[in-house]
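**Student:** Residue strings, one per chain:
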Amino acid sequence: MRVLVPVKRVLDYNVKPRVKADGSGVDLANVKMSMNPFDEIAVEEAIRLKEKGVVTEIVAVSVGEAKCQETLRTALAMGADRAILVQTDDRVEPLGVAKLLAKIVAEEAPELVILGKQAIDDDNNQTGQMLAGLLGWGQGTFASAVEIADGHAKVTREVDGGLETDDLKLPAIVTTDLRLNEPRYASLPNIMKAKSKPMATKTPADYGVDVAPRLTVTNVVEPPRRSAGVKVADVDELVTKLKALGVAK
Amino acid sequence: MKTLVWVEHDGKAVKDATLSAVTAAAKLGEVHLLVAGQGVDGVAAEAAVIAGVGKVHVADDAAYAHGLAENVAPLVAGLMATHDAFVAPATTTAKNIAPRVAALLDVMQVSDILSVEGADSFTRPIYAGNAIATVKTSDKKLVLTVRTTAFDKASPTGGTGSVEKVASTGDAGLSSFAGAEIAKLERPELTSAKVIVSGGRALQSSENFKTLIEPLADKLGAAVGASRAAVDAGYVPNDYQVGQTGKIVAPEVYIAIGISGAIQHLAGMKDSKTIIAINKDEDAPIFQVADIGLVGDLYKIVPELTDKL
Ligand SMILES: Cc1cc2nc3c(=O)[nH]c(=O)nc-3n(C[C@H](O)[C@H](O)[C@H](O)COP(=O)(O)OP(=O)(O)OC[C@H]3O[C@@H](n4cnc5c(N)ncnc54)[C@H](O)[C@@H]3O)c2cc1C
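Sequence order for the protein chains is E and P. Going by the working numbering, 41 is the number at position 41 of the first sequence; the sequence numbering is gapless. Going from the second sequence to the working numbering is simple: count from 1 and add 249.
Calculated directly from the structure, the hints in this document are not laboratory data. The reader is advised that the hints may include incorrect statements.
Straight-line C-alpha distance at most 30 Å; calculated DSS-like pairs for lysine-lysine [stated by the list, open to error]:
no., chain 1, residue 1, chain 2, residue 2
1, E, K103, P, K390
2, E, K20, P, K414
3, E, K243, P, K389
4, P, K389, P, K414
Selected chain P positions facing chain E (in silico; Cβ < 7 Å) [said to hold, decoys possible]:
no., residue
5, A352
6, V365
7, V384
8, S387
9, E430
10, L469
11, A539
Covered stretches of chain E (in silico footprint by chain P; criterion: 3 or more residues with CB under 8 Å from a CB of chain P, positions within the stretch not fixed) [said to hold, decoys possible]:
no., stretch
12, 106-120
13, 150-161
14, 202-215
A virtual CB, placed ideally from N, CA and C, is assigned to each residue, including glycine.
Pulled out of the complex, with its shape left as it was, chain E reads as follows (with noise of 0.2 Å):
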């Protein structure tokens, strides 16, 4: 079975965001870029199905600049056999990246998608459940277990209010969570291989697909800042604050 993994280029998750002074957005200009962590587990994922002898082929996909390239390339080296890059300048929003994964799968005809649940740039938590429905396939969101048998895949979700656990028909899409497993660092030896390992460039245009944003972000602020309060000398004060604050009798 193939298995698709859509991964995404975001600021690294260890750099502050700094909002830029004339409120277009987040200042992305010579800082630290990596993968989603979310699509990081996506990865892993596919590439433990296939370990297991369940997939035989995964394909990374990344829609975005030219420099997705490098986010691909780092899902070739952790173990995805081939990549797509569908490239462009362009803000997609997850609506435009599902119909181009949509026609993605038409081509690929995947029997799993494994997506990170959320990028953590836009924070949208969107794409997996938008590619579900435009396929009218299954979806378990927020996995932190997946098992695949007999042309169904059991997901344990992570819910409100503790797991869930549903059975859905193959093909379907899993969106993953934190828990679902560690992923793997590549291997220097991987990281080499994954050079020649083959990367396919398309763009929108060459899925017939229109990418036009429906949203405009016309202003992006810093939220307002918590100041710093003041620090207590021991249990007693802390009490004491605590009674009048009212939470404590």
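We have chain E; now place chain P with the ligand onto it with these hints.
**Tutor:** Coordinates of chain P with the ligand only, in the frame set by chain E:
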């Protein structure tokens, strides 16, 4: 504008998150509700008296019993023929359903709105809340999820909505519910608690959560939360996680114990009214947002604090 608000419920009662979504929807126009589930007459009756509510659409069918997105999304998409905006609280149930609805309607969802700036304009957090974006949509229909901590709760009573049954769109045949492990809460729910006591990696074990964090929480009538590190290490279940990718909370008082204050954690709690931090590292980032800080060893401080309360 006619809005359709997703009623979050557990089959028995309306969840508080719904009330915040109602407040957000009321800023756009008329508020209609959707109760989907099985055996939900009681929920519908409760929903109908939420202040300001017009019609309550009730879809009662086994296909909706577990809120499966594959079954619920076509129902919502159908009802959107006569509504202008689908508005849902950003719970895991609605986060699962709403984007599927948006795709069926060919609409770009606006996730996690913090405010309604106009009929087509909203603010929302990006980059773990390190930036707030104002976005304007060009879509004719709206699909919105609502950050519940950003909107006051509508009054749960005083409304005179009318209940109307809607036909089931049936089972899509794509998925089925196979079980759940839902924790039985002995304490207030995280997202509605007035006080939260959260523990981090420094707690070192689930045993220490039980003997240190829980007794303090019980003294304060508080809910228990945790950092990702504590959840990953298995000290507490996943539903305790507060942060960018966990629960968003804004209690009166948030007490962070042995939590460093990574941006991903702050994203989930920095709108708390008062933040108290206990950490042995006086340079821990958590102190930059804490109103009250106590530097020291939690293993000494917490038992003494619990004792003196
Ligand atoms: C994609 C992604 C999503 C994430 N989402 C979330 C999220 O939703 N929520 C979240 O919390 N994190 C999230 N994280 C993780 C986040 O980056 C941090 O790793 C995590 O919050 C750290 O948890 P911590 O503060 O408990 O542990 P640490 O950072 O290890 O901090 C432990 C603290 O305990 C203090 N300490 C140690 N011993 C004692 C003692 N005896 N007494 C007092 N203090 C002591 C230390 O000084 C330190 O400050 C996410 C990360 C990624 C990459």
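**Student:** Give a verdict on every hint.
**Tutor:** The hints, checked one at a time:
no., hint, result
1, K103(E) - K390(P), "holds, 24 Å"
2, K20(E) - K414(P), "violated, 50 Å"
3, K243(E) - K389(P), "violated, 51 Å"
4, K389(P) - K414(P), "holds, 26 Å"
5, A352, "holds, 3 Å"
6, V365, "violated, 14 Å"
7, V384, "holds, 5 Å"
8, S387, "holds, 5 Å"
9, E430, "holds, 5 Å"
10, L469, "holds, 6 Å"
11, A539, "holds, 6 Å"
12, 106-120, "holds (count 3)"
13, 150-161, "holds (count 6)"
14, 202-215, "holds (count 3)"
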